[in-house]
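Going down the list, the sequences are from chains B and H.
Numbers 1 to 211, taken from the working numbering, label the letters of the first sequence in order.
Numbers 1 to 211, taken from the working numbering, label the letters of the second sequence in order.
No wet-lab data here; the hints were simulated from the structure.
Some hints here could point you the wrong way.
Which copy? The list can't say, so a pair holds if one copy fits it or any two copies do.
Here are the simulated EDC-like pairs of lysine to aspartate or glutamate, each with C-alpha atoms no more than 16 Å apart in a straight line [claimed, not checked]: (1) Lys47 / Glu35; (2) Lys115 / Glu152; (3) Lys32 / Asp177; (4) Lys115 / Glu208.
2 protein chains.
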Amino acid sequence: MRYQLHYWPGIQGRGEFVRLALEDAGAAYASKPPEDRYRAFAPPYLKAGRLVIAQTANILFYLGPRLGLAPKSEARRLWLHQQQLTIADWITEVHDTHHPIGSGLYYEEQKREAKRRTEDFRRNRLPKFLSYFEDDAGGFSYVDLSLFQMIEGLRYAFPVTMRRLEPRYGKLVAIHDRVARRPGISRYLSSGRRIAFNQHGIFRHYPELDR
Amino acid sequence: MRYQLHYWPGIQGRGEFVRLALEDAGAAYASKPPEDRYRAFAPPYLKAGRLVIAQTANILFYLGPRLGLAPKSEARRLWLHQQQLTIADWITEVHDTHHPIGSGLYYEEQKREAKRRTEDFRRNRLPKFLSYFEDDAGGFSYVDLSLFQMIEGLRYAFPVTMRRLEPRYGKLVAIHDRVARRPGISRYLSSGRRIAFNQHGIFRHYPELDR
């Protein structure tokens, strides 16, 4: 099966969580921009034969067993999906640190609110998410790939905060490091296909929002 | 199978989307408060035999075919789940209209930001979500039950805005009305089990946030 991943060019964004799974598995896929004729509320969406699947966690739920990144048992798949949906909530909260008022407005138009929201995020929400996933156990799956991306992105967006918090979350950091050493991922990260973090994606570095 | 739905007592919240499915199907279930021993980032979660499933959309994905509220084909289930996840995003945006800075703060502590965020929600996001689901087609499923709840909740939270917008979304209103007439739902709505909307849930009515 040759997949088509439709997503905005130039940013990692939510598409990156799918891309990491495809790259880790060495799957054949093409990156395409979004097209109007496919019915989805927002990208990313994946074309797999005649199927068009949107919502990042839904795509990973579909791909998981097909790429060898999830077991086939229903109970286990539901559990991994529950974890991935919790990561999806986490991603939304990261996005909203710099866009607490509206995604159609510039950061500069909501800077004051962003500062307040990020303070709450750094103090309350970020440690809550990190603690939750620190206790995660179980074999390797696509969820680990997404946790790798969360740590990478949070380090880019909040370097000072993460340097302070990371020592408390050794298991999460270990997951991150193990993922980085996987052949498909390490090949991908050093390839031209990995877009660098930048100020247009979900993870953005505004020094005034970091501590 | 006798289910246990664990959720905060006293509010409809996200638990209500699950409850509507159980009630429509006439399933046997008990409502319980959350318990610490079950590992989930947040309620609601469903106990089904030995399984404990969290994340509202994930619970509905599991229950759908078992309650006769979703077909069994994978393609169709993925599509319904995609729709339900888009509703989940919508719910989060509704919640954030009155809590744009932090869910641990009172509304009164973020009133100014709430006003700005809600203005953007009413003007841009709400019509975008309504239009998206207005174009939805297909047989009856648990997604219709959730769309019913969205319309109910939005009418409670934003009565002025909804009176203005609803005439443009006749198909969505028709889905709402059809759901209200379903035997299980109409029985449930007039029972003591349906908690009234109030100022502690996701849908809250603050006149200053409505137009």
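Consistency of the hints with the structure:
1. Lys47 / Glu35: within (11 Å within a copy, 40 Å between copies)
2. Lys115 / Glu152: neither (22 Å within a copy, 34 Å between copies)
3. Lys32 / Asp177: For Lys32 and Asp177, the Cα distance exceeds 16 Å both inside one copy (29 Å) and across copies (40 Å).
4. Lys115 / Glu208: within (8 Å within a copy, 24 Å between copies)
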